[in-house]
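Given chain A, work out where chain B should sit, using these hints.
Read off the chains here:
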Amino acid sequence: MAEEAKNSGGDAVVAAQSHDVDVASAGTAVISSDAVQNPGLPPHRKRVTDLDPQKAKRQERVVYSLFYISIAGSLGAVLAYMFFPIETGEMMAIRLHTLFVGLGMALALLAVGIGAVHWGKALMADHESIDMRHPVPSDEETMQAAADVFTVSNEESGFSRRSLVRNSLLGALIAFPLPGITLLRGLAPQDQDPVELAKHTMWTKGMRLARDPSGVPIKASEVTIGSAFHVIPETLNHHDFEHLNAEERGGSENFLDAKAKAIVLLMRLDQSELNELPERESWSYDGIVAYSKVCTHVGCPVALYEQHTHHLLCPCHQSQFDVSEHAKVIFGPAKRPLPQLPITVDEEGYLVAQSDFHEPVGPSYWERLK
Amino acid sequence: MARAKKNLRKSGRRHPLATAALVGVGLLVTGAAYTGFSQTSATAEIDLESPATIEAGEKLFGANCATCHGMGSEGTPDGPSLIGAGAASVNFQVGTGRMPLAFQGPQGMVKPQQFTEEQTLQMAAYVASLGPGPSLPDSQFVQADSSDEGIANGGDLFRINCAMCHNVAAVGGALTEGKFAPALTGVAPTHIYEAMVTGPQNMPVFSDANISPQNKADIISYLKYIENQPAVGGMSLGSIGPVAEGLFIWVIGLGAVVGLTVWVTAKSN
Numbered sequence: 001m002a003e004e005a006k007n008s009g010g011d012a013v014v015a016a017q018s019h020d021v022d023v024a025s026a027g028t029a030v031i032s033s034d035a036v037q038n039p040g041l042p043p044h045r046k047r048v049t050d051l052d053p054q055k056a057k058r059q060e061r062v063v064y065s066l067f068y069i070s071i072a073g074s075l076g077a078v079l080a081y082m083f084f085p086i087e088t089g090e091m092m093a094i095r096l097h098t099l100f101v102g103l104g105m106a107l108a109l110l111a112v113g114i115g116a117v118h119w120g121k122a123l124m125a126d127h128e129s130i131d132m133r134h135p136v137p138s139d140e141e142t143m144q145a146a147a148d149v150f151t152v153s154n155e156e157s158g159f160s161r162r163s164l165v166r167n168s169l170l171g172a173l174i175a176f177p178l179p180g181i182t183l184l185r186g187l188a189p190q191d192q193d194p195v196e197l198a199k200h201t202m203w204t205k206g207m208r209l210a211r212d213p214s215g216v217p218i219k220a221s222e223v224t225i226g227s228a229f230h231v232i233p234e235t236l237n238h239h240d241f242e243h244l245n246a247e248e249r250g251g252s253e254n255f256l257d258a259k260a261k262a263i264v265l266l267m268r269l270d271q272s273e274l275n276e277l278p279e280r281e282s283w284s285y286d287g288i289v290a291y292s293k294v295c296t297h298v299g300c301p302v303a304l305y306e307q308h309t310h311h312l313l314c315p316c317h318q319s320q321f322d323v324s325e326h327a328k329v330i331f332g333p334a335k336r337p338l339p340q341l342p343i344t345v346d347e348e349g350y351l352v353a354q355s356d357f358h359e360p361v362g363p364s365y366w367e368r369l370k
Numbered sequence: 001m002a003r004a005k006k007n008l009r010k011s012g013r014r015h016p017l018a019t020a021a022l023v024g025v026g027l028l029v030t031g032a033a034y035t036g037f038s039q040t041s042a043t044a045e046i047d048l049e050s051p052a053t054i055e056a057g058e059k060l061f062g063a064n065c066a067t068c069h070g071m072g073s074e075g076t077p078d079g080p081s082l083i084g085a086g087a088a089s090v091n092f093q094v095g096t097g098r099m100p101l102a103f104q105g106p107q108g109m110v111k112p113q114q115f116t117e118e119q120t121l122q123m124a125a126y127v128a129s130l131g132p133g134p135s136l137p138d139s140q141f142v143q144a145d146s147s148d149e150g151i152a153n154g155g156d157l158f159r160i161n162c163a164m165c166h167n168v169a170a171v172g173g174a175l176t177e178g179k180f181a182p183a184l185t186g187v188a189p190t191h192i193y194e195a196m197v198t199g200p201q202n203m204p205v206f207s208d209a210n211i212s213p214q215n216k217a218d219i220i221s222y223l224k225y226i227e228n229q230p231a232v233g234g235m236s237l238g239s240i241g242p243v244a245e246g247l248f249i250w251v252i253g254l255g256a257v258v259g260l261t262v263w264v265t266a267k268s269n
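Protein chains in written order, with full-length UniProt numbering: chain A, 1 to 370; chain B, 1 to 269.
These are computed hints drawn from the structure, not numbers from a lab. The hints are all genuine.
Cross-link-like lysine-lysine pairs, in silico, DSBU-like; alpha carbons within 35 Å at most:
hint, chain 1, residue 1, chain 2, residue 2
1, B, 111, B, 59
2, A, 55, B, 267
3, A, 259, B, 224
4, A, 46, A, 121
5, A, 57, B, 267
6, A, 205, A, 219
7, B, 224, A, 219
8, B, 179, A, 328
9, A, 199, A, 219
10, A, 121, A, 55
11, B, 267, A, 46
12, B, 179, A, 219
13, A, 259, B, 179
14, A, 199, A, 335
15, A, 335, B, 179
16, A, 57, A, 121
17, A, 121, B, 267
Same shape as in the complex, but just chain A (with noise of 0.2 Å):
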């Protein structure tokens, strides 16, 4: 067959370099003399069950087994619901009841279905057919009455011919999406604007750095070296928050969107492996940083803090930051670093905040300054 092959493709070449036009085209290596003959259909061979009566009556009997199984899967389900009840106050009961109750539907399921199929491959007519391949396009007829459709339903409607009618139906599919834009619009605040939401947090001049959950303010002596804190600004507990005003919840109408903003990772870092900005060298206090803990990809709170390496890491889309280098982003889709809280400690050695963050905190958007 290769032989063949290679023999007719020689032909072929010596054919074009004689300028034989009737032989074959250049470039045409093979030519189709040994296409793949239709080996027709294999003989039949009929199933244990068409020669053997008695193993048919077998297989009939498995059948109607799986139906009567099935059947007992789904009272067994409805028995189930009614012995192994959901009790309050008592979760095993649950494991129980899913356990019985998804038991017995997935016996009722499973054995209708595999039935179904065992009747339909064992039992059912077992013969070859020859479905032939229709011509996909439909016959002349059949297009031209459906070109003549179109025709005259644009003669009918004027469609091209009243083009300012077409046109303004034109422009109204394309308005028509916009409300939805507008509805998704509608899931921020409205009257707000997001850039001076996410601008200004509780953190002020003077506020003391505060455990997490506690509200225990946190002294510097406290903060060894290699310690991360979890910190909230000291008045942000659900009791005092009640008794904020307006400007002292930073811009947040309750408490969670005031924590979600505020929260700030503290870490204290050996002095010789801070690298520290120039202009943030008064930020930071003995080696103590506090950087805000929400990332600036999508806002997740990145506290993953590895002691040695000062990587922080964003446990959503692993964004990391090195905390020795400013915050700044070494892997990872956040695009800016994290914002650092300045702090300084008061005369009783707690730690406060210098002032608010220096830009707005969480993740980035288009009307963001900066």
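Then chain B, alone, in the frame of chain A:
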């Protein structure tokens, strides 16, 4: 005569299950003996202040740790200084088998311990004598017996301080560049406490000033509480969340679908 002989042979023949029974008995005896043996070496009362203990610890240190940490434990390029590391650090690192390191890598791994508890405490006493550092936890804080309020408080603190690395179900999670936060299930309360105080490897330190000893005890109680919770929803799949569930569906679920498809389309014989 021949018949009697045949009967004798038949009664002398081993029962088919005899081999299995013998293997079973052997395994039980070995297991029991091993348990008894490993329990005998588990308890030790040691005075960490006594010069004899410190001297014994120094010898062990010189023979096993000095290669990396230096003869005076002042640190070398291969290992950090241990001055000020404290007894808690040594008990954690050696007691969990992390030290001596098997190999240099992103993270020291938990291995079977290489030292008895007595030897571990002797080394801890030696390192503690070098400089002030976190000491062994008070036994009242490693009991895991907090009240319901205590456990709730521990859960609060765990979710704020620990869950981001160790997973809300405390089954551990991945960090950067090959490091990981280990699972906290099956860890001795003492070791959990010591890890918080000392901040081993890349874990930050949670000193007693940050999380008070009683709060640490509550966290430990919470961890032990969730560890003993039955999985009410059925298989927990390691509690690591959507990853395990996705893998289960892709492998088991789609595997079943492929299997069923093959069966449905196969010709009946």
